[in-house]
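S.K.: Go by the hints and put chain B onto chain A.
Chains A and B, in that order, give the protein sequences.
Note that our numbering has the first sequence beginning at 6, numbered continuously upward.
Note that our numbering has the second sequence beginning at -15, numbered continuously upward.
No lab work stands behind these hints: they were computed from the structure.
In this text, all values refer to a predicted model and were calculated from it rather than measured experimentally.
Certain hints may be false.
Ranges of calculated distance between the beta carbons of each label pair, as one might list FRET restraints [unchecked claim]:
| # | chain 1 | residue 1 | chain 2 | residue 2 | range |
| --- | --- | --- | --- | --- | --- |
| 1 | B | PRO393 | A | GLU56 | 54 to 64 Å |
| 2 | A | SER174 | B | HIS317 | 32 to 42 Å |
| 3 | B | GLN184 | A | GLN164 | 10 to 20 Å |
| 4 | B | PRO542 | A | GLY100 | 30 to 40 Å |
| 5 | B | ALA473 | A | GLY85 | 20 to 30 Å |
All C-beta atoms, glycine included, are put in the ideal place defined by N, C-alpha and C.
Each chain, written out:
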Amino acid sequence: MNSQTRCWLAVLLAFAAIVTTSRSLSQGTLTEAQAKAAFVVNFARYIEWPERAFTNRTAPLLICALGRSVVGNALEAHEGRQVQGRPVAVRQLLGIDEARPCQVLFIADSEERRMSQLLRVVAAQPILTVSDADAFIDSGGAIGLVRADQRLQFEVNRQAIEQAQLKASSNLLKLARNLADFKGSH
Amino acid sequence: MIPLPSRLIRCFSLAFAVGLMGSVSAESLPPEPLDISLEDLLRVEVTSASRKSERLHDVAAAVYVISREDIERSGATSIPEALRMAPGVDVARLANNRWAVSVRGFNNRFGNKLLVLMDGRSIYSPLFSGVVWENEDTLLEDIDRIEVIRGPGAAMWGANAVNGVINIITRRSRDTQGNLLVAGAGSEERAFTSFRHGGQAGDGHYRVWGKAFDRDEAVTGDGRSGNDYWRAGRVGFRGDWSVASGQRVMLSGQAYSNDTGDRWQVPDITAAKGVRLTDMKQTGKGAHLLGRSEWTLNDGSEAALQAYVDYSQLEVPGAFKEERTTIDMDFQHRLLLGERHDVLWGLGYRYSGDRIDSAGIISFQPDSRSFNLASAFVHDDITLLPNTLRMILGVRFETNNFTGYQPLPNARLMWTPSETQSVWGSVARAVRTPSRGELDAAIDLSVLPPGAPGNPSPFPILTRNVRGNDSLENETVLAYELGYRQRLASNLSLDVAAFYNQYSDLRSAMLAARSFEFAPPPPHIVQTTTPDNSIEAHTHGVEIAVDWSPLSWWRIQPIYSYLSLTSSSTSGDPVSVANAQIFNSSDPQHQWSLRSSMSLTDRQQFDLWLRYVSKLGDRNSQFSIPAYTTLDLRYAWRPTRDLELSLVGQNLLDSQHPEFVPSLLPGESLEIQRGVYVKAKWQF
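Bound-form chain A, shown alone (with noise of 0.2 Å):
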């Protein structure tokens, strides 16, 4: 083989790269913190919120950010999105003295040292707890997100769900990880 097929050749494995890596992107590859914004605000779709939790029919849903993590900043991108017939509006905390108007309130792992403190405070909350710190739901959090060799997956505490006066739909309890076997059944 002379070196002038060898190049012809090398151009073809470039292409056959090419062809293969855009067929994988086109089935889409978001950023850690992009797919985690999302898990966060599909979850409040599947999740019953008592009346109180609201001041009123049309209030916003809110979702609030706690802790160092750019899952804060990619939850901003779905501001005003409708779900459950509200606008979703984000806000990010300083302190968890903050999180009482919350309905949705993520913990990045950053707090993870001080998780079940911070799970204290908003206890018995009609608030939606979700992390994607190590064995968050261990702690006592609602919903933790999980990271499974490529893919994110979650695990829910359904204990923690009815402490917080929510109701969470079977179709949520069927895809989490730690639940695979229910049934919809109580």
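M.R.: For chain B alone, kept in the frame of chain A given last:
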């Protein structure tokens, strides 16, 4: 190297340009994250570039995290090989079964200034002060991450965390459910296999696993086989349970058996060259059991109690046999005091008792010793300005029955001017306690035959290190560090750390009594040396790590480490001067590495790892090693969702190269060979 013909270069540029065009066009199709359903989200692949920096942004220390994905994609088949991915770490392979691993200088087969923990259990051996790397392992697929902390960690982790701490953390058993079977074979990795089963038990999960391998021998510079064979078998388990609300219990254990070969240069007064090359066999056996409980108290604070018992046996027939039992207990409590103080305090106790039978060139007196260590620490993470400025003050008090009471203080400051930038600084003091070997061992170090340089007499001179009369002191370091992190873009982050360390009372030795002996024949001179603390040193350096994902499927991680080490004798004794010279030639001044990970499709990965290590020592020193560059490549293909096949080439740029000449337990200098292996990983 043969110069590349210009046509070939043109060809490569063309192929590269085509590739670039393709990637640009691919990149102009951004996925739309807003309207994806939950079901689709579960299927979406995410890039992981940001994860590391996100997590590390807040840490006021030089930390690098090697993730499970990093280990997998590096092709590394052992923990020390994986550690090469971290900046500031010097990993040198002495033989196929021996490593010298250190952080920020003073590398040796037993890197004695580095503390290593696996799931909270110290694997630092008090026998020679350091990690017996060939005896420490686990199922690599079960490692969640390896946290490499450069700089003193003594205020948190205790003595011997002088230059760094390595935390090897395994995955929770909930994350390792189902079955895993790994098998492979190759030229250097002759055969390896591992199996894991994970299941549910009561309110928790468990896994049991086993692994075994057989590795090939390395070669000497002139092509002879190195007698560094390695056969090992290991089994283990881990269980995690949620007992009551907020209480978690973890129980894990392991048992292993490890056969390795070695070739020692045994000093011999009857040998013409003063040494006898002797093939040795080393067997390691051991087991441990560890339990940990974590719970939340009524006031919301968190407590953890951990205990483990560890038994190990290290035997080199004809030299020594060590049996050691370690019992360790540790309690920690974390609480928030007001809005500003995040306090962590704890108490610890460790008993380590041994029995050492020795013969030949090494002898331990007494043959049994126990080591007791009690410690207490407190750390306060103080928020001075919310989300902007934090100060961390910590101190650990330790007392042991050899060198007494030690305070190990540390102060850190962390400034985060914006979401994407952080600056930190630290001042710390740490100590290394003398090892059992340094305190109690008499070792024949070398023989100078008659007529050799330095020996004008007609008799051989045997140099023997014996126990001194003076008690050995702790080695001490005062360390100053400064670090900077910035996320330059969502796909690009930078981490820089600089340090200046001052060491005092580093262990060395001095010439002592000289005598003339008739037995054993031939008549010879015995020159004894006794250990002392007669070396001081200072080091400074910079470490840079970049994490860049130019495309969603392509990640590039370059790192660079610079180290300058100067040590000198405070006594002027020839042994001490020679030892200072060894320290000065133990570490490369420059190291860089470039890792590229490509996810070509969702079923194919192509990974590349290029590493450069600069020379060790001066050209004519006996510890001299030339600079080397190595390349590892990995191609992985998943024909089905549960099966992955990979082909890995290691050290591809040369047929063989040396990486280190050990100064303790000197063996024959061996060279690491190019290797290729194939691996199948099946999850079911």
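S.K.: Taking the hints in turn, state whether each one holds.
M.R.: Hint check:
1. Between PRO393(B) and GLU56(A) the Cβ separation comes to about 55 Å, which falls inside the hinted range of 54 to 64 Å.
2. For the pair SER174(A) and HIS317(B), the beta carbons lie near 40 Å from each other, so the given range of 32 to 42 Å is met.
3. Taken as a hint, the range 10 to 20 Å holds for the pair GLN184(B) and GLN164(A), whose Cβ atoms sit roughly 18 Å apart.
4. Checked against the hint of 30 to 40 Å, the pair PRO542(B) and GLY100(A) passes, with Cβ atoms roughly 38 Å apart.
5. Take ALA473(B) and GLY85(A): their Cβ atoms lie about 25 Å apart, and the range 20 to 30 Å holds.
Hint compliance for this structure: every hint is met.
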